[in-house]
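> Residue-level listing of the chains:
2 protein chains.
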Amino acid sequence: MAERITPRSENYSEWYINIVTEAKLADYSPVKGCMVIRPRGYALWERMQAVLDGMFKETGHQNAYFPLLIPESFIRKEAEHVEGFSPELAVVTRAGGEELEEALIVRPTSETIIWSMYKKWIQSYRDLPLLINQWANVLRWEKRTRLFLRTSEFLWQEGHTAHATQEEAREETLRMLEVYRRFAEDWLAMPVLTGVKSQSEKFAGAVNTYAIEAMMQDKKALQAGTSHDLGQNFAKAFDVTFQDREGRQSLVWATSWGASTRLIGALIMSHSDDRGLVLPPKIAQTQIVVIPIFKNQNKAEVLAYAEKIRDSLKGGFRVEYDPDDNNSPGWKFAEWELLGVPIRIEAGPRDREAGKAVLVRRDTGEKIPAAFGDIPAKVGSLLEDIQKSLYAKALEFRKANTVCISSYDEFLSFFNDTDGGFAESPWCGSGECEAKIKEAAKATIRVLPFGNEQRVRGGCVACGKEAAHLAVFAKSY
Amino acid sequence: MAERITPRSENYSEWYINIVTEAKLADYSPVKGCMVIRPRGYALWERMQAVLDGMFKETGHQNAYFPLLIPESFIRKEAEHVEGFSPELAVVTRAGGEELEEALIVRPTSETIIWSMYKKWIQSYRDLPLLINQWANVLRWEKRTRLFLRTSEFLWQEGHTAHATQEEAREETLRMLEVYRRFAEDWLAMPVLTGVKSQSEKFAGAVNTYAIEAMMQDKKALQAGTSHDLGQNFAKAFDVTFQDREGRQSLVWATSWGASTRLIGALIMSHSDDRGLVLPPKIAQTQIVVIPIFKNQNKAEVLAYAEKIRDSLKGGFRVEYDPDDNNSPGWKFAEWELLGVPIRIEAGPRDREAGKAVLVRRDTGEKIPAAFGDIPAKVGSLLEDIQKSLYAKALEFRKANTVCISSYDEFLSFFNDTDGGFAESPWCGSGECEAKIKEAAKATIRVLPFGNEQRVRGGCVACGKEAAHLAVFAKSY
Numbered sequence: 209m210a211e212r213i214t215p216r217s218e219n220y221s222e223w224y225i226n227i228v229t230e231a232k233l234a235d236y237s238p239v240k241g242c243m244v245i246r247p248r249g250y251a252l253w254e255r256m257q258a259v260l261d262g263m264f265k266e267t268g269h270q271n272a273y274f275p276l277l278i279p280e281s282f283i284r285k286e287a288e289h290v291e292g293f294s295p296e297l298a299v300v301t302r303a304g305g306e307e308l309e310e311a312l313i314v315r316p317t318s319e320t321i322i323w324s325m326y327k328k329w330i331q332s333y334r335d336l337p338l339l340i341n342q343w344a345n346v347l348r349w350e351k352r353t354r355l356f357l358r359t360s361e362f363l364w365q366e367g368h369t370a371h372a373t374q375e376e377a378r379e380e381t382l383r384m385l386e387v388y389r390r391f392a393e394d395w396l397a398m399p400v401l402t403g404v405k406s407q408s409e410k411f412a413g414a415v416n417t418y419a420i421e422a423m424m425q426d427k428k429a430l431q432a433g434t435s436h437d438l439g440q441n442f443a444k445a446f447d448v449t450f451q452d453r454e455g456r457q458s459l460v461w462a463t464s465w466g467a468s469t470r471l472i473g474a475l476i477m478s479h480s481d482d483r484g485l486v487l488p489p490k491i492a493q494t495q496i497v498v499i500p501i502f503k504n505q506n507k508a509e510v511l512a513y514a515e516k517i518r519d520s521l522k523g524g525f526r527v528e529y530d531p532d533d534n535n536s537p538g539w540k541f542a543e544w545e546l547l548g549v550p551i552r553i554e555a556g557p558r559d560r561e562a563g564k565a566v567l568v569r570r571d572t573g574e575k576i577p578a579a580f581g582d583i584p585a586k587v588g589s590l591l592e593d594i595q596k597s598l599y600a601k602a603l604e605f606r607k608a609n610t611v612c613i614s615s616y617d618e619f620l621s622f623f624n625d626t627d628g629g630f631a632e633s634p635w636c637g638s639g640e641c642e643a644k645i646k647e648a649a650k651a652t653i654r655v656l657p658f659g660n661e662q663r664v665r666g667g668c669v670a671c672g673k674e675a676a677h678l679a680v681f682a683k684s685y
Numbered sequence: 209m210a211e212r213i214t215p216r217s218e219n220y221s222e223w224y225i226n227i228v229t230e231a232k233l234a235d236y237s238p239v240k241g242c243m244v245i246r247p248r249g250y251a252l253w254e255r256m257q258a259v260l261d262g263m264f265k266e267t268g269h270q271n272a273y274f275p276l277l278i279p280e281s282f283i284r285k286e287a288e289h290v291e292g293f294s295p296e297l298a299v300v301t302r303a304g305g306e307e308l309e310e311a312l313i314v315r316p317t318s319e320t321i322i323w324s325m326y327k328k329w330i331q332s333y334r335d336l337p338l339l340i341n342q343w344a345n346v347l348r349w350e351k352r353t354r355l356f357l358r359t360s361e362f363l364w365q366e367g368h369t370a371h372a373t374q375e376e377a378r379e380e381t382l383r384m385l386e387v388y389r390r391f392a393e394d395w396l397a398m399p400v401l402t403g404v405k406s407q408s409e410k411f412a413g414a415v416n417t418y419a420i421e422a423m424m425q426d427k428k429a430l431q432a433g434t435s436h437d438l439g440q441n442f443a444k445a446f447d448v449t450f451q452d453r454e455g456r457q458s459l460v461w462a463t464s465w466g467a468s469t470r471l472i473g474a475l476i477m478s479h480s481d482d483r484g485l486v487l488p489p490k491i492a493q494t495q496i497v498v499i500p501i502f503k504n505q506n507k508a509e510v511l512a513y514a515e516k517i518r519d520s521l522k523g524g525f526r527v528e529y530d531p532d533d534n535n536s537p538g539w540k541f542a543e544w545e546l547l548g549v550p551i552r553i554e555a556g557p558r559d560r561e562a563g564k565a566v567l568v569r570r571d572t573g574e575k576i577p578a579a580f581g582d583i584p585a586k587v588g589s590l591l592e593d594i595q596k597s598l599y600a601k602a603l604e605f606r607k608a609n610t611v612c613i614s615s616y617d618e619f620l621s622f623f624n625d626t627d628g629g630f631a632e633s634p635w636c637g638s639g640e641c642e643a644k645i646k647e648a649a650k651a652t653i654r655v656l657p658f659g660n661e662q663r664v665r666g667g668c669v670a671c672g673k674e675a676a677h678l679a680v681f682a683k684s685y
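So the sequence lines, in the order shown, correspond to chains A and B.
When the letters of the first sequence are read in order and numbered with our numbering, they come out as residues 209 to 685.
When the letters of the second sequence are read in order and numbered with our numbering, they come out as residues 209 to 685.
Simulated from the structure, these hints should not be mistaken for lab results.
The beta carbon of each residue, even a glycine, is placed where N, CA and C say it ideally should be.
Hints should not be assumed to be uniformly reliable.
Computed list of chain B residues with no C-beta within reach of chain A, every gap over 12 Å [claimed, not checked]:
| id | residue |
| --- | --- |
| 1 | G241 |
| 2 | V314 |
| 3 | T320 |
| 4 | Q342 |
| 5 | A372 |
| 6 | R483 |
| 7 | K490 |
| 8 | Q493 |
| 9 | I501 |
| 10 | Q505 |
Covered by chain A, per the in silico footprint, the following chain B stretches (three or more residues, Cβ under 8 Å) [claimed, not checked]:
| id | stretch |
| --- | --- |
| 11 | 226-240 |
| 12 | 250-264 |
| 13 | 267-276 |
| 14 | 291-298 |
| 15 | 347-357 |
Computed cross-link-like contacts, DSS-like style, restricted to lysine-lysine with a CA-CA straight-line distance of at most 25 Å [unchecked claim]:
| id | chain 1 | residue 1 | chain 2 | residue 2 |
| --- | --- | --- | --- | --- |
| 16 | B | K540 | A | K328 |
| 17 | B | K240 | A | K265 |
| 18 | B | K327 | A | K232 |
| 19 | B | K265 | A | K490 |
| 20 | B | K490 | A | K265 |
| 21 | A | K540 | B | K328 |
| 22 | A | K516 | B | K265 |
| 23 | A | K328 | B | K232 |
| 24 | A | K327 | B | K232 |
| 25 | B | K410 | A | K285 |
| 26 | B | K490 | B | K522 |
| 27 | A | K327 | B | K327 |
| 28 | A | K265 | B | K646 |
| 29 | B | K265 | A | K232 |
| 30 | A | K410 | A | K490 |
| 31 | A | K265 | B | K516 |
| 32 | A | K490 | A | K327 |
| 33 | B | K265 | A | K522 |
| 34 | B | K410 | A | K240 |
| 35 | B | K327 | A | K240 |
| 36 | A | K683 | A | K410 |
| 37 | A | K351 | A | K683 |
| 38 | B | K285 | A | K240 |
| 39 | A | K232 | B | K564 |
| 40 | B | K564 | B | K540 |
Could you build the full structure based on these sequences and the hints that come with them?
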């Protein structure tokens, strides 16, 4: 019910958590920092998995499964990798009633265990490229957690590919970034910026990290998928070489890329409102709910009519039907709005007599009358329209909250005196300026967006020296 | 290649492991007892998942996800449960750089963490039944492991349901057992016995465990799926009660049921032969491979013809095409036989001229010529025929190796002097006789099969006292 949801304007964080728990997407578990993904939340993940998995297979990837536990010594083989992940590791020290000789890490990511296998599997250029993806749970012990957005355990997919040349590995990195962009924009109706991360924000062990970044309704950025150019770092750490066409031994080139259940949090914060979830039709588990409105004296006829409507939609759409007579129509409207179903169809006795029904859009509340025979076609075009308009609205919001700033005073004021947004600002490329900004404005570089190289004008927003990049700064999740 | 596979008659265990590794289904990992499931093995699991998941949803279940880590105290709440699982637990004692106050168990199964959540979610009869399934990894630290059949980590699904009455819970237990039976027989072409386990073989924490049991080609039994009637054991341990229609508080009734990547081992050992994998067409990732047979002077025409054949099959079947000219046709035939593809289509220059091709069955080696236009229809009926005949052959094998034995001497001789099989024998129902048989014959009760109650004749095979059951004894995996 709407009353259970704190309005965004009052407390944005509480609004988010209310939606997650009231729509029964997830719940707190008795294990610190770990969540339970409830059936309605998991159904969203299943649809995301199905779509992404299809996109991975279309681009030539196969799924496999690697062990959950990783020998502690493996994690230590790549210097930056161990430094980045050490503070977050969960460690198995006892198993089968005995202390283990070597502790085992619950995987925070699987580069090390996978590259130890790639060493066995890769001998020749004929074994390349090796294009593998894994759907799995991972564990990163977090101090401050938030359902879906940051939890100690989360579900994700991690692609790990091996290539004969640097060029091929870079192409793969960008190909998968583009897969994430298409998924976010076409399916989640969530516009994203694509680009490269600064060195301080990259994955521990990568040469470069690319990311998609979306703006949430509180104007903060959320990183929704990353693709890493790993160079030869893991091939070196695990001594993975191959014989090329000319018979020479060379180190293998690598990529990895991942997206997680965090996408559910991003989806919620992109579109939802104070009445609850708003879901893009392409990803919604239920696209339409048919609600009969009846009294005792006309119940049978109205139910029969509502069922006829439901049946006319069954083939082409994901439709539910709610004839429950324990709850009033008003209660049901609110409940299905909370759950984010894109279209509600109301059918009462007068609708039945007139051979009509009322279609109600979840995103705008607009009521659209339709004759019985027109309902499937109307629903089809409405769903498309909702998908498009959610995207357009989110894009509009991002544009309205993205500013070009080149003066440091304005920059600080934007982040410290207003509720911020995305600042496109020239940056000299130094870690010092980045750190200074983080300290003073709590904003970080989200990406150096593609296609903006020629737009770099003037000096670095922080130090005034010649700018090397146009960077997008924001507060972030 | 066939040479890489030890014949079954020579060393059955080696034959099995050769198939798993040579067909690249799985590999040993650097973590003791844990396997890597390679893409060809994982593709089998994906198809199994898709089919089972559909069957679970048809029977009203929803998927969810619960934490990997379980507080140690939870495992201790159900006395039999902790006793059964304690020796196999892997324990996280350190996380985020600190020693944990309470150790966390990597889930060996999820009853305890799930019932701790059900306590929050179940208040009234309106919340029941609660029908949830989880696809997940679990860890049971094993001393002796074998790829797919017994590994410390494995993938599985675990259903966990909550009901208002004992009757409903029992119905659910048997409903899911029947889902497993249908899946094993209709999809894996693997005939199974269904029945209840003896008390000594049941799940730790169950009132009764039901199972499907299949006979492998070495005549040993393999438990391929279990469904547990948990009574009120977990509801008691976690204090889960509900208010019934009359306003009384009652304890909830529970079931759980699971099947795992062990099914891949069962599938291999049911049908494969000394040349490699044999896969039932309904579960095979690739159903047909088209192999052009060409020389340099006719390569272009033959490839074009083979592609025409491939294209004519693309819509209705899962088809691959192997035009690689680095390997000879004979090498390719052996390779695709090793991988278990049900039908190979050979197309050479003479086939092209005659507008024909040769279809070769993987299971029997039979060669069937077909005119181009007839290929799709012929392939369709052949695949059905292969599916049926694999089932029939396995059933025939089980029947030929199942004997009714009522004398203890014959029983001991059957298991100690021959290579055994399934012994249907009367049993008094005592744990002592069961233990005595296990000691003397290394055979255990696999199930008390359904529908055999009236067939119990004479005295217990071990003690001669009045028999209560007809039990199926076998050596097992």
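> None of the hints should be skipped; say for each whether it holds.
Hints and how they fare:
Separation of B/G241 from chain A is inadequate, the least Cβ-Cβ distance of about 9 Å not exceeding the 12 Å criterion. Its beta-carbon lying about 7 Å from the closest one in chain A, B/V314 breaks the requirement of being farther than 12 Å from that chain. A Cβ of chain A approaches the Cβ of B/T320 within 12 Å, the least distance being about 10 Å, so the stated non-interface status is violated. With a least CB separation of 9 Å from chain A, B/Q342 falls inside the 12 Å interface cut-off, contrary to its annotation.
A cut-off of 12 Å between C-beta atoms confirms that B/A372 is not in contact with chain A; the least separation is 17 Å. Every beta carbon of chain A lies more than 12 Å from that of B/R483, the smallest distance being close to 24 Å; the non-interface claim holds. Here B/K490 stays apart from chain A, with its beta-carbon at least about 20 Å from theirs, past the 12 Å limit. Some Cβ of chain A comes within 12 Å of the Cβ of B/Q493; the nearest lies about 10 Å off, and the non-interface call is violated.
Distance to chain A confirms B/I501 as a non-interface residue, since its nearest Cβ pair spans about 22 Å, more than 12 Å. Every beta carbon of chain A lies more than 12 Å from that of B/Q505, the smallest distance being close to 26 Å; the non-interface claim holds. Here the stretch 226-240 of chain B counts 4 residues with a CB under 8 Å from a CB of chain A, which clears the bar of 3, and the coverage holds. Under the rule that three or more residues need a Cβ within less than 8 Å of chain A, the assignment of the stretch 250-264 of chain B holds, with 4 such residues.
Note: the stretch 267-276 of chain B has 7 residues with beta-carbon separation from chain A under 8 Å; the three-residue rule is met and the coverage holds. Only residues whose C-beta sits within less than 8 Å of a C-beta in chain A count toward coverage, and the stretch 291-298 of chain B has 5 of them, enough to reach three; the restraint holds. A count of 4 residues in the stretch 347-357 of chain B with a Cβ less than 8 Å from any Cβ of chain A is obtained; the coverage claim is therefore met, three being the minimum. As the CA atoms of B/K540 and A/K328 are separated by approximately 23 Å, the hinted pair is consistent with the 25 Å bound.
With a CA separation close to 31 Å, the supplied pair B/K240 and A/K265 exceeds the 25 Å bound. About 15 Å separates the Cα atoms of B/K327 and A/K232, which keeps this hinted pair within 25 Å; it holds. With a C-alpha separation of about 20 Å, the suggested pairing of B/K265 with A/K490 holds against the 25 Å cut-off. Distance hint between B/K490 and A/K265 is fulfilled; the C-alpha atoms sit about 20 Å from each other, no more than 25 Å.
Distance restraint check for A/K540 and B/K328: the Cα-Cα separation of roughly 23 Å lies within the 25 Å cut-off, and the hinted pair is therefore satisfied. At most 25 Å may separate the alpha-carbon atoms for a hinted pair to count; A/K516 and B/K265 meet this at roughly 24 Å. Restraint check for A/K328 and B/K232: satisfied, since their Cα atoms lie roughly 12 Å apart, inside the 25 Å limit. For the suggested pair A/K327 and B/K232, the alpha carbons sit about 15 Å apart, so the restraint of at most 25 Å is met.
Restraint check for B/K410 and A/K285: not satisfied, since their Cα atoms lie roughly 44 Å apart, outside the 25 Å limit. The hinted pair formed by B/K490 and B/K522 meets the criterion: a straight-line CA distance of about 16 Å does not exceed 25 Å. A C-alpha spacing of about 47 Å is found between A/K327 and B/K327, which places the hinted pair above 25 Å, so the restraint is violated. About 49 Å separates the Cα atoms of A/K265 and B/K646, which puts this hinted pair outside 25 Å; it is violated.
In summary, the hint linking B/K265 to A/K232 is supported, as the alpha carbons are separated by about 19 Å, within the 25 Å threshold. Among the hinted pairs, A/K410 with A/K490 is inconsistent with the structure: their alpha-carbon atoms are about 32 Å apart, more than 25 Å. Of the supplied pair hints, the one linking A/K265 and B/K516 holds, its CA atoms being roughly 24 Å apart against a limit of 25 Å. Pair hint A/K490 plus A/K327 does not hold up; C-alpha atoms about 41 Å apart against a cutoff of 25 Å.
Restraint check for B/K265 and A/K522: the C-alpha separation of about 17 Å stays at or below 25 Å, so the hint holds. Of the pairs offered as hints, the one joining B/K410 and A/K240 is violated, with about 33 Å between alpha carbons and a cut-off of 25 Å exceeded. Distance restraint check for B/K327 and A/K240: the Cα-Cα separation of roughly 18 Å lies within the 25 Å cut-off, and the hinted pair is therefore satisfied. Pair hint A/K683 plus A/K410 holds up; C-alpha atoms about 17 Å apart against a cutoff of 25 Å.
Of the pairs offered as hints, the one joining A/K351 and A/K683 holds, with about 19 Å between alpha carbons and a cut-off of 25 Å not exceeded. For the proposed pair B/K285 and A/K240, the alpha carbon gap of about 19 Å is at most 25 Å, so the pair holds. Simply put, A/K232 and B/K564 have alpha-carbon atoms about 59 Å apart, too far for the 25 Å limit, and the pair is violated. The suggested pairing of B/K564 with B/K540 holds, with an alpha-carbon distance near 20 Å, which does not exceed 25 Å.
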